[in-house]
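Given only the sequences and the hints, what does the whole structure look like? Please build it.
These protein sequence lines map, in sequence, to chains R and V. If you count by my numbering, then the first sequence holds residues 1 to 332, one letter each, in order. If you count by my numbering, then the second sequence holds residues 1 to 538, one letter each, in order.
Simulated from the structure, these hints should not be mistaken for lab results. In this text the structure is predicted, and so the values were computed from the model without any measurement. We treat Cβ as the ideally placed atom computed from N, Cα and C, and that holds for glycine. Don't take every hint at face value.
What the hints assert, rightly or not - One-sided excerpt, in silico: chain R residues whose CB lies under 8 Å from chain V:
no., residue
1, 11
2, 13
3, 69
4, 249
5, 253
6, 260
7, 272
8, 280
9, 284
10, 285
11, 288
To be verified - Anything over 10 Å on all C-beta distances counts as not near chain V; from chain R, calculated:
no., residue
12, 90
13, 158
14, 315
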Amino acid sequence: MTYTLAGPANESMASASDTLIIAMIVVYAAALFLFAIEAAYGRRTKLKSGKLMPVSVGAENSGEGGDDIRVNVRTDEGEASASQNVLGKIALAVTALGFLLSLAQIITRGLAADRWPWGNMFEFVVAMCLVAVGAFLYAAWQYQARFLGAFVLVPVVILLGIGVRWLYVDPGPLIPALQSYWVPIHVTATILAGGAFMVSGAAGITYLIAHRSEAKRAAGQVVTGVAGSLPSSELLDRISHRMILFAFPLWTFGIIAGAVWADEAWGRFWGWDPKEVWSFISWVIYAAYLHARATGGWRGRKATWINVIGFVSIMFNFFAVNYMFSGLHSYA
Amino acid sequence: MTTTTSEAPPEPGGAPENKPKGLGLTGWLRWAWRILTSMRTALILLFLLAVGAIPGSILPQNVVSVDEVDQYFRENPGLAPVLDSLYLFDVFSSPWYAAIYLLLFVSLTGCVIPRAITHAKALRSRPVRTPKNLQRMPYAATFSTDAAPDTVLEQARSVLKGYRMERYGNSVSGETGYMREAGNVFFHVALIALLLALAAGAFFGYRGNMLMVEGDGFANTLPAYDAIYPGHWTDTDQMEPFTLHLDNFDATFLEDGDLRGQADSYTADITYRESPEAEEQTHELEVNEPLSVDGVQVYLLGHGYAPEFEVRNAEGDVVFDQAVPFLYRDTMSFTSDGVIKVPDTGGEELGFTSVFLPTAMEDQEGELVSSFPGAENPMVTLEAFEGDLGMHEPQSVYQLQTEGMEQIGESPVMEMGDTWELPDDAGSITFSGYSEFVSLQANRDGARPFALGAAVSMVVGLMLTLFVRPRRVWVRAAEREDGRTEVVLAGLGKTEVAANNQEFHELTTRLAARLRSDGSDDNVPNPTDPPESTNTRE
Ligand code: HEM
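Pasting the structure below:
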């Protein structure tokens, strides 16, 4: 029998990573606050046509030669506008700073433990939040989706809080089952997918709120506050769909990689272990979401509810399955 | 799905609502088939598939652990039989779950085949004729140019690079993104293939568990397994004739810090032969390093301690000398329980229940506990029984049937080498040492590579479905009365209005820019000109 020394391989890295996580939560909370102010008190500003914003009727003419291109678009979508002010720009910068802190935290933690920095629940939560914030920053940059800031940061801050308060463990080596090159493959895929599902879920909830406001407004009611100044529900729907387009194949790949790994580690590629059952359930729910979007009468609200249920199932898989059920995946 | 691709923006879903009116049996069957293969039904079946899986994660399942199911039966004697009658301990092999996925399977097949045929036809046909009124399309842009209509269409062809194109009179019709539909069909076919591969594996393969103490051997035959689960059509008389031998097992644990006691590595040194005649080979079996022998995968599932005991009868003859596998209670202390059964003593049968503590110490209350999973200070305690072991009936090796026995005493805490003289002159027992054992699983599933291939195909098909956007573009160029050419570019996307319109608009500006730069008489671009045309192409 031989013994290995436990504990962090590098003490200073370990303490740096512990400081960084606190800093990161503070920074995200500040950004959340600023985004919330922007959402509530910003001025409604029309969004430029872009990746997710349709070209509108009589679109701007990009030819300098004066070809006078007249565009006729037949979609029933209105223009998208969002509540904006300068605080949102600051919030975005603050979020980006938080993202960098988060990246640094993960790197220092990896150095401290001398291994891939996602091997336990705490590390998964942090990594998933990193991906969610990254996906949000991407959406803000590519789709002008800054208005999602508050909605994405709420779950991020909650999850990080839970992570620090209840899931924290010191950096250290992994149990033998997790010492495999499949960790970077399988776990990375599910974390990436999880983060994007999170943004999609946040956009989905925003969609449901915006949809209700639109219905109220159509009925002649006045909607005030954040709910009243959200962009059009179609735009929110499109963003949340985009995120799922990114996440669903990754989730599929993650499950397959997990099955290959399970085959190597446990001797069967699929054994209906609770974790496997729930990843399958989530997969089926998101497949149902994609089908619903292609099915008459299911697009919109119903499909979005499926999306939200999908994210709930991801979270359930993450927390409940690790703590409530016993299975081979109980690395909690 | 029975709808075919059509001109209008697609509405792929929607159950057919028109019910048969007095069509007789075939009419009803056709109607039922249409309902079954509609996307709405697929959606509902998908939901049922997800909801049905939930009890399979909440209740213990026989596929996962028979022991946990037994325990549930013991703890809920009233409820368990009711749940069992609903197959809730075998959800994934229950008739009702099978009904859901078989229906889905049929629905999937019935939906995919017509789609595949339609798509195959579409692949061979030419892009559709240009519609008369392009202004009706979701995107339509109009501009005028000095270039001649033919030049416009020629330029349109190069702008539409990558589209499949056809000229119809004064217009060009282009279509692209066929791979989406192909990918979608491919995905669904791969899904069917995956289900078939899973079924094949379950019907023809087998999975067995066995336990080997260091120094033990194993020959791959049915009786050599502690538990084996062959498939319905598995030929268990013709199992692969390999043999294994466990030379040594080594587990390491973390010593310090928060994580003290967490396992760090397991290694089992195995020698094996593919068949009795084959060369002997060695393999280091680790958690993520299975042994593949003759198409069978052998995995390391777990490990434990097997303390060695020597039992002498009243006359002082050795009647038992063996390592006995013990089951651990938890992985942090590896406190393990086991049973020693000594039927052949020459007198009364002897039985012992025993606790093995790999690193024994006294806790604050003075209780003897194990503080570490590694064997730093191994100790055992024993309870001895005398009487009838009841071994004429099958029984678990981990349990002592004490009904026919009488307890004769409890041992002191024993270190390695200690001997306990049994009361009543019943003999003695010596804790002579310990070995380790491994629990292994052997698995044969010939369809594994097919299942993997199908799963990988699914991902490929999925990517194509999700990221390829099928779209059609028409460019019409007609001379106006004032001599200029009026160009109309219209686009129709089957998905995602925004991204498509964005792209159609880009095509328009690119076409307009080209016509400006070389559609006129001075065909050669002037190198001193500011690169205006490229600016606009973005
Ligand atoms: C386990 C079962 C199934 C899974 C996981 C699955 C998955 C998918 C996925 C991921 C898509 C892409 C959705 C998109 O285009 O955005 C899709 C599309 C589609 N599926 Fe399935 N499918 C399943 C069963 C079925 C069945 C049984 C049918 C037929 C009744 C069906 C019909 C379709 C159709 C028609 C589309 C095209 C939707 C479109 O063009 O947007 N699927 N499926």
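Status of each hint after checking the structure:
no.: 1; hint: 11; in the structure: violated, 11 Å
no.: 2; hint: 13; in the structure: violated, 15 Å
no.: 3; hint: 69; in the structure: holds, 4 Å
no.: 4; hint: 249; in the structure: holds, 5 Å
no.: 5; hint: 253; in the structure: holds, 5 Å
no.: 6; hint: 260; in the structure: holds, 7 Å
no.: 7; hint: 272; in the structure: holds, 5 Å
no.: 8; hint: 280; in the structure: holds, 6 Å
no.: 9; hint: 284; in the structure: holds, 4 Å
no.: 10; hint: 285; in the structure: holds, 6 Å
no.: 11; hint: 288; in the structure: holds, 4 Å
no.: 12; hint: 90; in the structure: holds, 28 Å
no.: 13; hint: 158; in the structure: holds, 24 Å
no.: 14; hint: 315; in the structure: holds, 15 Å
When each numbered hint is compared with the structure, violations occur for hints 1 and 2.
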